[in-house]
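Peer 1: Protein chains in written order, with our numbering: chain H, 1 to 299; chain C, 1001 to 1299; chain A, 2001 to 2299.
Bear in mind the hints are in silico, worked out from the structure with no lab data behind them. Treat the hints with care, since some could be wrong.
As the list claims (entries may be wrong) - Below, a list of computed lysine-lysine pairs in the DSS-like style, where the Cα atoms sit at most 25 Å apart:
1) Lys1299(C) x Lys2222(A)
2) Lys2299(A) x Lys1205(C)
3) Lys219(H) x Lys2205(A)
4) Lys2299(A) x Lys222(H)
5) Lys1295(C) x Lys1275(C)
6) Lys205(H) x Lys1295(C)
7) Lys275(H) x Lys295(H)
8) Lys1237(C) x Lys1275(C)
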Amino acid sequence: MEATYETLNLIKDGSILIVTINNTRSEVNLFRQQTAVELNILITSLQNDTSTKVVIFKSGNPKFFIAHFDVIPVPGKFLSPFCVQSHRNANLKIPKGEPDPTAIDAAAFNGRVFQAMSNLPQPVIAMIDGPARGAGNEFLVACDMRFASKGARFSNFEGTLGLHPGSGGAAWMPLHIGRGRSMEFLLSGEDIDAETAERYGYVNKAFETSEEMHEYVMKLAKRIALFPLNGLASIKKTVTTLIQPSAELMASEAVEWNRLLAEPEQAGLVGEFIKKSGNLTSVEFELHVPDEVAKLYGK
Amino acid sequence: MEATYETLNLIKDGSILIVTINNTRSEVNLFRQQTAVELNILITSLQNDTSTKVVIFKSGNPKFFIAHFDVIPVPGKFLSPFCVQSHRNANLKIPKGEPDPTAIDAAAFNGRVFQAMSNLPQPVIAMIDGPARGAGNEFLVACDMRFASKGARFSNFEGTLGLHPGSGGAAWMPLHIGRGRSMEFLLSGEDIDAETAERYGYVNKAFETSEEMHEYVMKLAKRIALFPLNGLASIKKTVTTLIQPSAELMASEAVEWNRLLAEPEQAGLVGEFIKKSGNLTSVEFELHVPDEVAKLYGK
Amino acid sequence: MEATYETLNLIKDGSILIVTINNTRSEVNLFRQQTAVELNILITSLQNDTSTKVVIFKSGNPKFFIAHFDVIPVPGKFLSPFCVQSHRNANLKIPKGEPDPTAIDAAAFNGRVFQAMSNLPQPVIAMIDGPARGAGNEFLVACDMRFASKGARFSNFEGTLGLHPGSGGAAWMPLHIGRGRSMEFLLSGEDIDAETAERYGYVNKAFETSEEMHEYVMKLAKRIALFPLNGLASIKKTVTTLIQPSAELMASEAVEWNRLLAEPEQAGLVGEFIKKSGNLTSVEFELHVPDEVAKLYGK
């Protein structure tokens, strides 16, 4: 099944599937729409895959887990009217091809993929070394367990652009870290680091080094993989019944994302963001997104 | 709009509204029914106020955030039969005027005001320096974020008088600090301090000094106030959909408060409380309420 | 009422009821079906017992709070077909008497008893000194408050045998410690210790010594016991309305336990577990259950 993936790399270690997310076109590991499409294929294939008992996700990028969603329009593929408008507002070059009003509803699609992941029979574990922001964190909220090393950063900074996270950031974070802290997290768009995330209960455990994290997670995964899958799936289902946003709330997040994206102010802000980040290629910009977004307002 | 308030002081700093709660008639900053009435006016006015992006609440009293609700009957205004009965039981002087059986249902009214606050489009932040007990804490549970300096204390001690908190203390605290800890908090009526409240996730962050807290909160508020309000409101709504007690549960809290208040034993305890606190004026008594209530039982 | 109990010892200290759980037939304090039957009688009697204001549970065994459920079939009493099958699979001696297909549905019964405990008007406090695993932890999840000394260990290791906890382990733990940590707890079957349980918010407070814990809990219980019971019960009911698994989810846990128990692989694993633990009598085995279950898989 590896052959079909462009942004994911799959390695099977016994009944443990290790998936490396790597957008080789992007130095900051942008979450492409293609990534979501491939995740969807992978997750669908796992639903009846009794040879896989544990799934581990990590990043193939040394500096970023996932910077955020790639909002640069792809001609003929995901050329949403919004992306084109953002480019126009920021006087950026618009990719060839006309905006496609039937283009995929990225926020809703991604949210459904992440939700399907949280419903898999297999436990899903994420190991995070660098910044995971926007869609990167929306992927993580829906994993079953998160472990982080010192360089990890978590953020849903969509609110800083007047947007709603769109694919589960707001619908999941309060379930993980409570109302007060998710308000600060989501409304400020500031990062939280690994140690804070552990203290908030967002990551199960924070580690000084990536090596310690890998050792802990592989030991945990190997232990879980000993046990019958039908038992693991049964337990996971009960936990998920208790703590998971409803499909309705997830859908409303996407509606809010799209509604706010269509506002001229927000389209302008996203355009400025794209411009200042060098079309989302600047490593320096992406490393310091929480500071950079404040500069869009002259701060 | 400032002109209409007797217990609130409003200062506008750009799009940040700073509200100081100050009952100048009371050295312990009792939460008067008038305070709730004024909060209701303020909150109603904020519902469509697009010039305000963040609301900050603090206390104008150097020693107390809010001691608790003022249960002393006000002649001709809030002269509830309960308050009169408490006074009679404790051989206290009853204010002139007959008890008004149609008097405002304070617990239900306050709960609705606090609930409306949690539904505002603007983020609501509280800074707490001293004790916040009873209605003081019921105000705080419904804020979006809480920050506390070293002298802060939190308590819903209504249970120590055989009462139910009445306006959200029991309906919100478990959502913030979990079942086990809210049971101890509510059933013992003991204080928790700033550091414990941070560890429990009730306050976002605890600070050594009030100055550090003010600096942190003003920086946070100024950052949030940069961003488009419709985005902030959209995010806040999703979080609130997930974590907020239902209107039905809030209403049932008030029913329970009223039911238990009508019990002779409880009316007697409240009367004793009023007497021993010097008609709710003793600073020393109010600083040490958790110890003082035990003395009502001879301990 | 003491006279009727074989596995419980009751002492009344004023309005505080102290219940010591002690299965004198077992060195590891196995949770017998008889224990659940007696708890059911006790809890039923407490529902209208206005002389009792606080209930404290502790263990009478110096080494174990409760090791886990006793799955050894009792002839003529709780001889479930499952237990007989486990014994057959493990070539163990089957107790005399035929399997009784109408035998008590232990998982469902225990879950209902624990649920009834969480609905009592009186606050229920547990003091934990040693390992509380399986049914031992399922008893604890439904208590109102948990306090632990250094030697305490918590585990629901049912998943390591391909089973579902069955009586509330999976339905309650996520409500106490969140999704990420309960996934690790339930799927790995590893212990968490007192300090970790406090950090996760599962126990209210962890103590270095059992003496410190006793002192703290007795002081807390004596304070709560000062206050009117109808107030305490009213508060507890509101908290429970907010945080308690539904009866439906509890019932589905038991269905899952029974479904998975009927699987040949699981029956074999339970049989091996019984054999290696010396018919559940080995103190050494029971002290190290998380390690011992891995050995069933040759690890």
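Peer 1: Evaluate each hint against the coordinates.
Peer 2: Cross-check of the supplied hints:
A C-alpha spacing of about 10 Å is found between lysine 1299(C) and lysine 2222(A), which places the hinted pair at or below 25 Å, so the restraint holds. Straight-line distance between C-alpha atoms of lysine 2299(A) and lysine 1205(C) comes to about 44 Å, which puts the hinted pair past the 25 Å bound. Of the supplied pair hints, the one linking lysine 219(H) and lysine 2205(A) is violated, its CA atoms being roughly 29 Å apart against a limit of 25 Å. In summary, the hint linking lysine 2299(A) to lysine 222(H) is supported, as the alpha carbons are separated by about 10 Å, within the 25 Å threshold.
Restraint check for lysine 1295(C) and lysine 1275(C): satisfied, since their Cα atoms lie roughly 13 Å apart, inside the 25 Å limit. Between lysine 205(H) and lysine 1295(C) the alpha-carbon distance is near 45 Å, which puts this suggested pair outside the 25 Å criterion. As the CA atoms of lysine 275(H) and lysine 295(H) are separated by approximately 13 Å, the hinted pair is consistent with the 25 Å bound. Only pairs whose Cα atoms come within 25 Å are accepted, and lysine 1237(C) paired with lysine 1275(C) is rejected, the gap being roughly 44 Å.
Checked against the numbered hints given earlier, this structure breaks hints 2, 3, 6, 8; the rest are met.
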